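Heads up: the sequence lines are chains A and B, in that order. Okay, so the first sequence: first residue is 1 according to our numbering, each after it adds one. Okay, so the second sequence: first residue is 1 according to our numbering, each after it adds one.
I should point out that these hints are in silico values taken from the structure, not numbers from a laboratory. Everything numeric in this text was worked out from a predicted model, so none of it was measured. Treat the hints with care, since some could be wrong.
Simulated DEER-style distance windows between Cβ atoms [said to hold, decoys possible]: (1) L147(A) with E82(B): 46 to 52 Å; (2) E82(B) with N2(A): 44 to 50 Å; (3) K113(A) with N58(B): 27 to 33 Å; (4) G52(B) with K266(A): 38 to 44 Å; (5) K87(B) with V16(A): 51 to 57 Å.
DSBU-like mimics (lysine-lysine), calculated; alpha carbons at most 35 Å apart, straight line [said to hold, decoys possible]: (6) K448(A) with K87(B); (7) K87(B) with K384(A); (8) K94(A) with K87(B).
By construction, the Cβ of each residue, glycine as well, lies at the ideal position given by its N, Cα and C atoms.
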Amino acid sequence: MNLKELTIASLHENLVKKTFSAREVTRDFLDTVRAEDEKIGAYLSVLEDSALEQADCVDSMIKEGKEIGPLAGVPLAIKDNMLIKGTRTTAASKILERYEASYDAEVIKKLKKENAIFLGKTNLDEFAMGASTENSGFHMTKNPHDLKRVAGGSSGGSAAAVAAHMALAALGSDTGGSVRQPSAFCGVVGMKPTYGAVSRSGLIAMASSLDQIGPITKTVEDAEILFSAIRGNDTYDATSAEDKAIHEFRELPSEAVKKLKIGVPKEFFVDGMDSRVTHAVEEAIARLKTLGFTFKEISLPHSKYALAVYYIIMPAEVSSNLARFEGMRYPGITEVRREVNNLRDLYFKTRGEGFGAEPRRRVLLGTYVLSAGYYDAYYAKAQKVRRLIRNDFEKAFRSVDVILAPVTPTPAFAIGEKASNPLEMYLSDIFTVQANLAGLPGISIPVKKYTVGSGELPVGFQLVGKSFHERDLFGIGKLYQREE
Amino acid sequence: MKREELEKLAELARIELHSEEEERLQRDMENILNYFKELQELPTEDVLPVAGGTSFSNVFREDVPGEGMDGEAARTAFPETEDGFLKVPPVFSAEGGSSSGGE
Numbered sequence: 001m002n003l004k005e006l007t008i009a010s011l012h013e014n015l016v017k018k019t020f021s022a023r024e025v026t027r028d029f030l031d032t033v034r035a036e037d038e039k040i041g042a043y044l045s046v047l048e049d050s051a052l053e054q055a056d057c058v059d060s061m062i063k064e065g066k067e068i069g070p071l072a073g074v075p076l077a078i079k080d081n082m083l084i085k086g087t088r089t090t091a092a093s094k095i096l097e098r099y100e101a102s103y104d105a106e107v108i109k110k111l112k113k114e115n116a117i118f119l120g121k122t123n124l125d126e127f128a129m130g131a132s133t134e135n136s137g138f139h140m141t142k143n144p145h146d147l148k149r150v151a152g153g154s155s156g157g158s159a160a161a162v163a164a165h166m167a168l169a170a171l172g173s174d175t176g177g178s179v180r181q182p183s184a185f186c187g188v189v190g191m192k193p194t195y196g197a198v199s200r201s202g203l204i205a206m207a208s209s210l211d212q213i214g215p216i217t218k219t220v221e222d223a224e225i226l227f228s229a230i231r232g233n234d235t236y237d238a239t240s241a242e243d244k245a246i247h248e249f250r251e252l253p254s255e256a257v258k259k260l261k262i263g264v265p266k267e268f269f270v271d272g273m274d275s276r277v278t279h280a281v282e283e284a285i286a287r288l289k290t291l292g293f294t295f296k297e298i299s300l301p302h303s304k305y306a307l308a309v310y311y312i313i314m315p316a317e318v319s320s321n322l323a324r325f326e327g328m329r330y331p332g333i334t335e336v337r338r339e340v341n342n343l344r345d346l347y348f349k350t351r352g353e354g355f356g357a358e359p360r361r362r363v364l365l366g367t368y369v370l371s372a373g374y375y376d377a378y379y380a381k382a383q384k385v386r387r388l389i390r391n392d393f394e395k396a397f398r399s400v401d402v403i404l405a406p407v408t409p410t411p412a413f414a415i416g417e418k419a420s421n422p423l424e425m426y427l428s429d430i431f432t433v434q435a436n437l438a439g440l441p442g443i444s445i446p447v448k449k450y451t452v453g454s455g456e457l458p459v460g461f462q463l464v465g466k467s468f469h470e471r472d473l474f475g476i477g478k479l480y481q482r483e484e
Numbered sequence: 001m002k003r004e005e006l007e008k009l010a011e012l013a014r015i016e017l018h019s020e021e022e023e024r025l026q027r028d029m030e031n032i033l034n035y036f037k038e039l040q041e042l043p044t045e046d047v048l049p050v051a052g053g054t055s056f057s058n059v060f061r062e063d064v065p066g067e068g069m070d071g072e073a074a075r076t077a078f079p080e081t082e083d084g085f086l087k088v089p090p091v092f093s094a095e096g097g098s099s100s101g102g103e
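In isolation and in its complexed conformation, chain A is listed as follows (with noise of 0.2 Å):
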């Protein structure tokens, strides 16, 4: 078998047609990690054991003529700020190094179901925060398809491990492009789904009214089945939506894709912007076009504050969210717990030496916009552009049905080049938080390779829909492939 050819939909189909065992496929994967992780560094643990029982089970079923499921014996990756109970999840933070989570995430419980296969936690920026998976507690993560250059980020683990071919397809979650900017960087699918739409539950939280998890996979349509496992309403996530408010999830027929009426906000393509950005994004404008979809100019006046009210709700909820990490209730760190003698010196030094430079900046930049004196300055007025973000997109959603971008606003940036300006790291999410602050689904499609520097990357394109239309989103994608 071919790691490199195989599908979410084309293994289920050889499983079914037992042209190889889950096993054998699981195995093929483990070895390929064992292969090429050393130089990569998508994975935090790699779950050998496990993910063989799993295997075999899902051989057993078929054995026994048993039908299965589009996911069963699906070897996955799954970021490792989500819980799988019994194995360590760490956020990729110090100060969780050796937590193991006592209860498994909602996308979890719904996964096992599937009989889907965990292969391993993949890496990422410590607490989800950063865009190129160099700010790990543990070590970075490499794009596959230049070692000198990052993976992007957050999920970079995730989308480094599917471009790799050491999962087939994996989760990330995605609180300002942390599943769209790394799949774009890496050369895979990447789907964040509407604020609501997939349980938050078991995820370790960094903005809660951001933060969701989505799929990162070889092609749209196995987003969508991967998608499709993981949605649904969940009463441990009070933000979930009720299933009614969830937009029936059925496939559009080929005809009405065809009728989306896409469009393209002026305020995304200004003078100055990457040439292979603006080379991708038109060539995926004009692929579409020949497959029969209209275009609109439309504007999204308030886009240009968008990147700062994200980086002011961000760190605040960030600040609240990670209150919880004071060496109490997590196992905290040992030589910590050693040396104080009481709870205030415990709190300070878990923290001070648990944190990495960018949780310790943004819980800062947090309390900062939170204290009195500058919270109506900065948290109060982000809360209320946030309101003239969304409105951009209620208005231009009267005249189009979806919307592309770009993903991000260069290729794979090099290992280093941006690590000692927070400010331009920050920028690298520029395209994409406007669908985080607004609750929208987005997705990043691959355009093609592009020749930089000496060797070749990846570049995507984006497209945003209307709240829990997550169908639009796929079947444009799917008709984009098809016609490759």
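Fit chain B to the supplied structure of chain A, relying on the hints for placement.
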């Protein structure tokens, strides 16, 4: 951002700062806060703030007993336990002369 300001924030956030990072942090915070200034040019008096990620309100559910969390698993996630109880360091330091272990 002044050093005292940064130290006050660290105190509020319960983070011990490393002396060698303070200067850089002051500079980073200053740059980031400057970037936020562009928001001030927007008039927003009559704009309703967005709080949270959804427009849902008052999400209720039936009060029915469900599956609880595995107590043993929860205890293992805690750094120190004694006889099935969770143990924390004294709230007041030994020099303060108060409190022993904790529960």
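Status of the hints after comparison with the structure:
Roughly 49 Å separates the CB atoms of L147(A) and E82(B), a value that falls within the hinted 46 to 52 Å. The hint said 44 to 50 Å for the Cβ distance between E82(B) and N2(A), and at roughly 56 Å that hint is violated. Between K113(A) and N58(B) the Cβ separation comes to about 30 Å, which falls inside the hinted range of 27 to 33 Å. At about 30 Å, the beta-carbon gap between G52(B) and K266(A) misses the expected band of 38 to 44 Å.
In this structure, K87(B) and V16(A) meet the distance hint of 51 to 57 Å, their C-beta atoms being roughly 53 Å apart. Distance restraint check for K448(A) and K87(B): the Cα-Cα separation of roughly 56 Å exceeds the 35 Å cut-off, and the hinted pair is therefore not satisfied. Our distance criterion of 35 Å between C-alpha atoms is broken by K87(B) and K384(A), whose separation comes to about 44 Å. Restraint check for K94(A) and K87(B): satisfied, since their Cα atoms lie roughly 21 Å apart, inside the 35 Å limit.
Violated hints, listed in ascending order, are 2, 4, 6, 7; each of the other numbered hints is respected by the structure.
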